[in-house]
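S.K.: The lines below spell out each chain.
4 protein chains.
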Amino acid sequence: MTTPSYVLSLSCTNVPGIVAGVSAYLFEAGCNILDAQQFDDVETGRFFMRIVFNPVRAQPGRDALAAGFEAVAQRFGMDWTLRDRAERRRVMILVSRFDHCLNDLLYRWRIGELAMDICAVVSNYPREIYGAADLAGVPFHHLPITPDTKPQQEAALWRLVEETGAELVVLARYMQILSDDLSHKLSGRCINIHHSFLPGFKGARPYHQAHERGVKLIGATSHLVTGDLDEGPIIEQDVERISHRDTPDDLVRKGRDIERRVLARAVRYVLEDRVIANGRKTVVFTD
Amino acid sequence: MTTPSYVLSLSCTNVPGIVAGVSAYLFEAGCNILDAQQFDDVETGRFFMRIVFNPVRAQPGRDALAAGFEAVAQRFGMDWTLRDRAERRRVMILVSRFDHCLNDLLYRWRIGELAMDICAVVSNYPREIYGAADLAGVPFHHLPITPDTKPQQEAALWRLVEETGAELVVLARYMQILSDDLSHKLSGRCINIHHSFLPGFKGARPYHQAHERGVKLIGATSHLVTGDLDEGPIIEQDVERISHRDTPDDLVRKGRDIERRVLARAVRYVLEDRVIANGRKTVVFTD
Amino acid sequence: MTTPSYVLSLSCTNVPGIVAGVSAYLFEAGCNILDAQQFDDVETGRFFMRIVFNPVRAQPGRDALAAGFEAVAQRFGMDWTLRDRAERRRVMILVSRFDHCLNDLLYRWRIGELAMDICAVVSNYPREIYGAADLAGVPFHHLPITPDTKPQQEAALWRLVEETGAELVVLARYMQILSDDLSHKLSGRCINIHHSFLPGFKGARPYHQAHERGVKLIGATSHLVTGDLDEGPIIEQDVERISHRDTPDDLVRKGRDIERRVLARAVRYVLEDRVIANGRKTVVFTD
Amino acid sequence: MTTPSYVLSLSCTNVPGIVAGVSAYLFEAGCNILDAQQFDDVETGRFFMRIVFNPVRAQPGRDALAAGFEAVAQRFGMDWTLRDRAERRRVMILVSRFDHCLNDLLYRWRIGELAMDICAVVSNYPREIYGAADLAGVPFHHLPITPDTKPQQEAALWRLVEETGAELVVLARYMQILSDDLSHKLSGRCINIHHSFLPGFKGARPYHQAHERGVKLIGATSHLVTGDLDEGPIIEQDVERISHRDTPDDLVRKGRDIERRVLARAVRYVLEDRVIANGRKTVVFTD
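Respectively, the protein sequence lines represent chains A, B, C and D.
Each residue of the first sequence is one higher than the one before, counting from 1 in this note's numbering.
Each residue of the second sequence is one higher than the one before, counting from 1 in this note's numbering.
Each residue of the third sequence is one higher than the one before, counting from 1 in this note's numbering.
Each residue of the fourth sequence is one higher than the one before, counting from 1 in this note's numbering.
Bound conformation, chain A alone (with noise of 0.2 Å):
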């Protein structure tokens, strides 16, 4: 049996004392520090924390080791979320038209790179067109959506995240622009991969505005969803190096990869703590 870990994300007001206060913590509890990053935002004052560890001596259990922090958490003011690393995330993917991004997560959860359990593929498709991509044994919702139906599909969407308990949403080339109002609802637990190197060429077909302007790299960006729509805290980027002979659908293409490199990274950076909102910014403790 493996030994179980823990991981602990947290960020407060910064004031001395903070990282002293949770390993002492640790250490009185009989824990071993495995890794641990943090932060310090000189501009906001804001301190951010993330640390692994594991009991060495009792097992005294993830609801007893919350219980007990809460007391350090409530002295520095701190929001913070701890979790047993072994339990899986419920996540909720939604698509459109293109797969490549949804193929690519169903693959890495095949696997188990990503520790999810994949509790809903939501489309505003029918499955049938989803050939490439491998939906075996997971839960597929066509709800497709219409100017007129907007509200009603948006609603059964909600519906959705709430029966399942989905606890991470994933826009992988969910063509649709969410309302205000779902925005709202999902702000802080929904990520989207967009299709262009922000803030370079927002809004739509960003790999023909790229060709047209004659750039000599195109990119993707995966980034936390908030009410402002191409304007959410940025988790992940990349970018890859094209020439004067790409054509607009080698764009496409080579932004396919790009998409599904930077939104895997995402996804998996959220399901391991690694990501912490800062305003308008993340902070992302990489490994």
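FYI, nobody ran anything at the bench for these hints, they're computed from the structure.
If you're wondering where the values come from, they're calculated on a predicted model, not measured in any experiment.
Worth double-checking, as some hints may not be accurate.
Capping the alpha-carbon separation at 25 Å, the derived lysine-lysine pairs in PhoX-like fashion look like this [said to hold, decoys possible]:
{"id": "1", "chain 1": "A", "residue 1": "Lys281", "chain 2": "A", "residue 2": "Lys185"}
{"id": "2", "chain 1": "C", "residue 1": "Lys185", "chain 2": "C", "residue 2": "Lys281"}
{"id": "3", "chain 1": "C", "residue 1": "Lys254", "chain 2": "C", "residue 2": "Lys185"}
{"id": "4", "chain 1": "C", "residue 1": "Lys202", "chain 2": "A", "residue 2": "Lys281"}
{"id": "5", "chain 1": "A", "residue 1": "Lys281", "chain 2": "C", "residue 2": "Lys185"}
{"id": "6", "chain 1": "A", "residue 1": "Lys254", "chain 2": "B", "residue 2": "Lys254"}
Guided by the hints, dock chains B, C and D onto chain A, whose structure is given.
M.R.: Coordinates of chains B, C and D only, in the frame set by chain A:
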């Protein structure tokens, strides 16, 4: 109906007049050059060229164009191929336990990114283990192998190459060392993905070797298969940054991403006649 | 004595027969093609080509070759240049307070990496501030500027361009906005380094903008100067990865490295006749 | 006046309570942690940490802080250093014919990017050959070497290390192999730039080796110097893409860019106490 276009790929000893000879022929045959790249290897005195063109007046067809070109080719002693770009190459994929490259190639094939027909997937493992790869509609052959049965297995493999008319054999993490005889037979139409940034860590478990050596970047290499294992002409390589935090398992995970994109690029380059062997090296006319 | 070699760079409306016409001329003039790249812009119907060649029989010289080529050029209505590769272009470098690009260009020039003669370094700051740049043997001109004296300063600048016969003007972090008039006069022979990954953060203090937006990669852009500030055709771009740990000062430091290598590449591409303007874009025949 | 800040760097056998012990000490000493990174090597059971902090109440000074920390260090058997970040390390640079790394380090030093004092530049060539490097104000020592005079030259080198109090020796393309004896004496405070992406092409003329092998990426490696040539613990590596068009001279040119940025990063990491040796490897706490 789309206008047909052709790709002419050639190499010969470098003398003055080659480009003039080739382009005059195409002009007289009523063709327009869409793209051309050439390379003169001053060390070996060898000339390499790739031309994409389409007929603008008559539509002579591939065979008539090739017959007409024969005189030019003979004058310069060329090794050459002329293909209709609409013709899809017949490709056989060999795989063992790890299916990330297989899955990636299948996906790119299904969405039309790779212009090939998969004539066979061959594995030394049974089909059941490929839960994550969508093999629907793909001829699958289980050819188990043991040290004792290797000659028979390779004979069966070779029969399959002949029966299916495979024009390209892709070793997509096929963890068996081909015999010199089979390597020789497949020479020039077989490519491999080596899970290392060659010539860095040859041999087994390269990511573990990389971890022990403490390198800061890991990579993968796709190369043409020749008799000399790990020494065939390199087609494509790529790397990713790692750190002291990365365990061997992390390197294997990151390696999967590098391997699949390096192999996919190499396969595409070969299918598009962008790769010409040049002794121990390759000329790759990238886009 | 080294055999002379030449580079022919051209663009024209695409019609069949261009490559045949050019290569037949070179063959008949007793020349051997060493390197050739071409590009057909299917959107605009424009054709671009760069050919490096050397005479293998007689040595007609640059002017005789150009005179002979004139007929081919006229037949196709070409914009073209033909240069002896041994001829060094006369380059003027403009700089303001930050001298990292200047220092880098000077170093590459001194070790023979950039085939140019520096006919002038011009700054709106006095020579004394460039303690780290080795200006020995380089004509330095201090042309201070204020809002009131801008017309006179630009007039002096232009006289210097004319007197020195500068064929290329490099804005190496010259923090003054050229007037429309001067931009127009220098159009086609002036390149700039923009300290941003355009079109991302136009305008002032782009690294601070990038920091505020929380992007995960920063970059720089070198472009041809046209009247439209920050919008000239892009020649080269590059990026580096950053993290939440990076302060604006860190971004500026990392930016210096990106800026100097992007500008150095762009300058080399221009000096080697690899860059051809294509409307709002460029064709860059990289090596 | 700027508030002083300090950097504590340590390693020891991993046991519970280290972070608690260190952070409690700093808290009680009236210090605030600005940045902290740690790493537990589960293979060797060794713990590594780097902490940046500043005193927020009293100003005990570096020596008082170190004296107080001694008890914590002894309890855990730590190897450790504690430095005032305002103290500049004394650095000696060794160079041979090629001065691109020297020139780069001098530039970064002059503009304040590298927090060091250059106590000596030593070369086996006379000062006159460094036309492109700005050596003004830098103590330069010409120590010629022949196979016969190697012991004497190294003795003179060592005296210079002792006399100047050099804390770090940077081999900036110093093309002499240090004797085992001198390597041993300098061990832990000497770094080298190897003009190859190790372990790829050890030994002489690595770019020519890379060209012959036909690799698609070349790189450089900076490592700690130990007795085992080309095998010291790696600090930093980087690569650039090349193609069949690149001649050995092109590779050497591209290599210069990689070498100087890899060495500059490694030097900065060492000066900022980000590098801790870990057997045959390093832990590098990057920013």
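S.K.: Evaluate each hint against the coordinates.
M.R.: For each hint, the structure was consulted:
{"no.": "1", "hint": "Lys281(A) <-> Lys185(A)", "result": "19 Å, holds"}
{"no.": "2", "hint": "Lys185(C) <-> Lys281(C)", "result": "19 Å, holds"}
{"no.": "3", "hint": "Lys254(C) <-> Lys185(C)", "result": "33 Å, violated"}
{"no.": "4", "hint": "Lys202(C) <-> Lys281(A)", "result": "20 Å, holds"}
{"no.": "5", "hint": "Lys281(A) <-> Lys185(C)", "result": "43 Å, violated"}
{"no.": "6", "hint": "Lys254(A) <-> Lys254(B)", "result": "19 Å, holds"}
Violated hints for the displayed structure, listed by number in ascending order: 3, 5.
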